[in-house]
Amino acid sequence: MNDKVKELKVSAIENGTVIDHIPAGAVFQVIKMLKLDVFDQMVLFGTNLESKKYGYKGIIKVSNKFFKPEELNKIALVAPHASIIEIRDFRVAQKTLVEIPETVSGIVKCFNPNCITNIEVITTRFTVLEKEDIRLKCHYCEKITVKNNMVFK
Amino acid sequence: MKNKSLVSINDFTKEEQLRVLEAAREFEANPVQTILKDHVIASLFFEPSTRTRLSFESAISRLGGKIVGFSEASNTSVKKGESLRDTILTIANYSDLIVMRNPIEGSARFASEISPVPIINAGDGSNQHPTQTLLDLYSILQTQDTLDNLHVAFVGDLKYGRTVHSLVIALCNYNTTFHLVSPVELKLPSSVKMHIKEKNLAYHQYTSMEEVIPNTDILYMTRIQKERFSDPLEFERIKNSYNLHKDMLVDTKENFKILHPMPRVNEIHINVDEDPRAYYFQQALNGVYVRQALLSILLGYR
Ligand SMILES: [Zn+2]
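Chains as they are written, first to last, in our numbering: chain F, 1 to 153; chain A, 1001 to 1302.
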């Protein structure tokens, strides 16, 4: 199957952002992180699409929305290889890759059940110690949340 | 440093830590100075810790300050479900500084972010207890006359001992050589060793303490708790090998001193107590001077 045919599975948008190469299991997480579940414009998505590079992938297309890099970088925690394509007039205006940020705020729960952020209403904050094999140090309890015990808020 | 909070030892730079130790020397020489006579200090102990609380309250009293607060959470609004946020904001109205001990990790950091008055963390669960680290540094400085280039041995539970972790990290500023003595199950975690490696300092690991005694300046003893072992037989097998007796102190350096964060169980035999190399009771007293120094600095009097 060539790329053109595959693209047609999720129809094109005129203006907006395409988020491609999302791991198949992470599409709904990305939708939630970017609050697209409550977004008032057209949002198209597909998951378990065949991908030459990744086996199966997901894709999200958001009409009339252009994100700030820091908004998109938080999805790197679940979609580290996602590419961001800005579409203007049905054409690719810009293509970038997400990057794991230096700090993470509010998206991830601290894995430590005895952490104050799991007891009171507090926005979590982490320093990213390692980007490849993700390790997040909690700003409050100073414990380290790793990929295996990462839970999203 | 006025109005700064102390949550984690790393909140203070090396210079700021040394400033506290210098001021502590002044209070050791002259402990009763009523510089806080117009101040109210809140002492909030959400879990009991008599030793730490009395040390703080003694420091406050010797400075002439008034104390408000509680020694356990059972009779307070906290028990009725009040949030820490509300407790801190309310008590900050009644006091110039809050000393807090709380079993919830990160509670002190959170309190310091919402409180209009400085917070001193007197222990937040397994996380931080920075005044213990300052008094340990002070005890080392007082016995060795320097903090630089020392050989420091840590003995016992190096895995779960928060006191050990903070002191190791603090000593990484002073070109320390570390001697780490523990059962295999209770070795210093790699997250702490990382700090030693970052500074390219030397560390050696042992499972018995005999061979480190002649080579160290400071022997920092800690308690090994039975519940840390998955196999109780393993605890029975090793428990006595980390106990210090007087007859083990044969070939020590002249400046050699024994420290312990207290309370001890049987890891230091009472026959060591009268030895001039035993420093752990003085170490506890040093806690009062260091806390006097810290309170004075954070309230702008030093
Ligand atoms: Zn935490």
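Please keep in mind that the hints were generated in silico from the structure rather than gathered at the bench.
You may find that some hints are simply not true.
What the hints assert, rightly or not - Just a few of them, taken from the derived set where beta-carbon distance is under 10 Å, the chain F residues facing chain A:
#1 F39
#2 M42
#3 V43
#4 L44
#5 F45
#6 I107
#7 C110
#8 N112
#9 N114
#10 T117
#11 E120
#12 V151
#13 F152
#14 K153
As the list claims (entries may be wrong) - Heads up, simulated DSS-like pairs for lysine-lysine below, C-alpha to C-alpha not over 25 Å straight-line:
#15 F:K153 - F:K109
#16 F:K143 - A:K1004
#17 A:K1226 - F:K143
#18 F:K109 - F:K137
#19 A:K1014 - A:K1066
#20 F:K147 - A:K1193
#21 F:K137 - A:K1004
#22 F:K153 - F:K74
Computed from a predicted model, the values in this text were never measured in an experiment.
Glycine is no exception: its CB is placed at the ideal position from the N, C-alpha and C atoms.
Hints and how they fare:
no.	hint	result
1	F39	violated, 32 Å
2	M42	violated, 40 Å
3	V43	violated, 36 Å
4	L44	violated, 40 Å
5	F45	violated, 36 Å
6	I107	violated, 17 Å
7	C110	holds, 8 Å
8	N112	holds, 6 Å
9	N114	holds, 5 Å
10	T117	holds, 6 Å
11	E120	holds, 6 Å
12	V151	violated, 17 Å
13	F152	violated, 19 Å
14	K153	violated, 16 Å
15	F:K153 - F:K109	holds, 6 Å
16	F:K143 - A:K1004	holds, 23 Å
17	A:K1226 - F:K143	holds, 24 Å
18	F:K109 - F:K137	holds, 11 Å
19	A:K1014 - A:K1066	violated, 31 Å
20	F:K147 - A:K1193	holds, 22 Å
21	F:K137 - A:K1004	holds, 23 Å
22	F:K153 - F:K74	holds, 13 Å
Checked against the numbered hints above, the structure violates hints 1, 2, 3, 4, 5, 6, 12, 13, 14, 19; every other hint is satisfied.
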